[in-house]
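Engineer: Residue numbers (the UniProt record's numbering), protein chains in the order written: chain A, 1 to 180; chain B, 1 to 180.
Some hints here could point you the wrong way.
If several chains are the same, the list does not tell them apart, and a pair holds so long as it fits within one copy or across any two.
List of simulated lysine-lysine pairs, DSSO-like, C-alpha gap at most 27 Å [claimed, not checked]:
id : residue 1 : residue 2
1  : 15        : 96
2  : 39        : 15
3  : 96        : 39
What the hints contain is simulated information worked out from the structure, not anything from laboratory work.
2 protein chains.
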Amino acid sequence: MNFCSHCGSNQLDCKVPAGDHVARYVCQVCGTVHYVNPKMVVGCLVVHEERVLLCRRAIEPRYGFWNLPTGFLESGETVEEGAIRETWEEARARVKVERLHSVYSLPHCDQIIIHFVAQLQETGIEAGPESLEVNFFAETEIPWDDMAFSSHRFALERYFENRLKPDKQTYLGSSCLRTS
Amino acid sequence: MNFCSHCGSNQLDCKVPAGDHVARYVCQVCGTVHYVNPKMVVGCLVVHEERVLLCRRAIEPRYGFWNLPTGFLESGETVEEGAIRETWEEARARVKVERLHSVYSLPHCDQIIIHFVAQLQETGIEAGPESLEVNFFAETEIPWDDMAFSSHRFALERYFENRLKPDKQTYLGSSCLRTS
Numbered sequence: 001m002n003f004c005s006h007c008g009s010n011q012l013d014c015k016v017p018a019g020d021h022v023a024r025y026v027c028q029v030c031g032t033v034h035y036v037n038p039k040m041v042v043g044c045l046v047v048h049e050e051r052v053l054l055c056r057r058a059i060e061p062r063y064g065f066w067n068l069p070t071g072f073l074e075s076g077e078t079v080e081e082g083a084i085r086e087t088w089e090e091a092r093a094r095v096k097v098e099r100l101h102s103v104y105s106l107p108h109c110d111q112i113i114i115h116f117v118a119q120l121q122e123t124g125i126e127a128g129p130e131s132l133e134v135n136f137f138a139e140t141e142i143p144w145d146d147m148a149f150s151s152h153r154f155a156l157e158r159y160f161e162n163r164l165k166p167d168k169q170t171y172l173g174s175s176c177l178r179t180s
Numbered sequence: 001m002n003f004c005s006h007c008g009s010n011q012l013d014c015k016v017p018a019g020d021h022v023a024r025y026v027c028q029v030c031g032t033v034h035y036v037n038p039k040m041v042v043g044c045l046v047v048h049e050e051r052v053l054l055c056r057r058a059i060e061p062r063y064g065f066w067n068l069p070t071g072f073l074e075s076g077e078t079v080e081e082g083a084i085r086e087t088w089e090e091a092r093a094r095v096k097v098e099r100l101h102s103v104y105s106l107p108h109c110d111q112i113i114i115h116f117v118a119q120l121q122e123t124g125i126e127a128g129p130e131s132l133e134v135n136f137f138a139e140t141e142i143p144w145d146d147m148a149f150s151s152h153r154f155a156l157e158r159y160f161e162n163r164l165k166p167d168k169q170t171y172l173g174s175s176c177l178r179t180s
């Protein structure tokens, strides 16, 4: 950040505002405090006939490596809506979210990744513009060494570890208040 | 947003960038795309002797109403660290996170609220600067009509509904990769 997005001044000071405890960019002209918050990343672990849907990345970072369909949550979306949209965009899969599966923090790059377990609602899948190919994999077929991200590997490992323990898989509370 | 925070230009266009599907502020001078993402809010449902910790708000919005200790996740934090920090700031309670409890989307104001069930690590509590008072409440004592936010009410209702069903309360996956 070089300029204040409110008044256009370049007189930004990085300091702890009164009553706060974290350094922020504060405009010395108009007083606007510029908060920087972690970003949410959401996706689905789509299960079909005991196989999991993976996409091979057609984009950087990690071009050519595999991931669960996952991407940045957009303004105006619930976490479930974002996960369903990303699954359509990357794998042209129409899914229904079943339950929350994992939450993974990446504090060094300010990202929080949430994965849901989801089921196919229609049988077709196809590579979207961000994928080279998409496919379903049984546990023994997962390309573990070619996974793009630790958070996706974590979600997969937890899924296969726990899939035979249904009493350990119930997630209680996810809801949404939409007032507009 | 009135000015580009990268180059200071006021020539911002609200349009869908190439390869995207959502309108963004795009600087017509330097080309920077300004993404606006939902913010994460994290907090704890602290349980002690079958009572839950609530704080009466000393700040707007909803001054004087009750909430679970909860606030915005900061850069560099895991979701659990943010929830523990907020619990200290609002109620001077030292807690240990036990499990994820609820995820609540507020798409109309771009917030996602995550609550964890937590346990006290030290017995003392005290109102922090953002609280008028703090106290533990049994289910029959909760000031339901004076709760500040629907997301906190949701978390409390789910907790009391399900506390006698331990097999329904196990959350599987929460982890963190910290590389710096």
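Engineer: Take the hints in turn and mark each one as holding or not.
Structural biologist: Hint-by-hint comparison with the structure:
1. 15 / 96: neither (45 Å within a copy, 30 Å between copies)
2. 39 / 15: Both, since 22 Å and 21 Å are each at most 27 Å.
3. 96 / 39: both (24 Å within a copy, 24 Å between copies)
In the structure shown, a violation is registered for the earlier hint numbered 1 alone.
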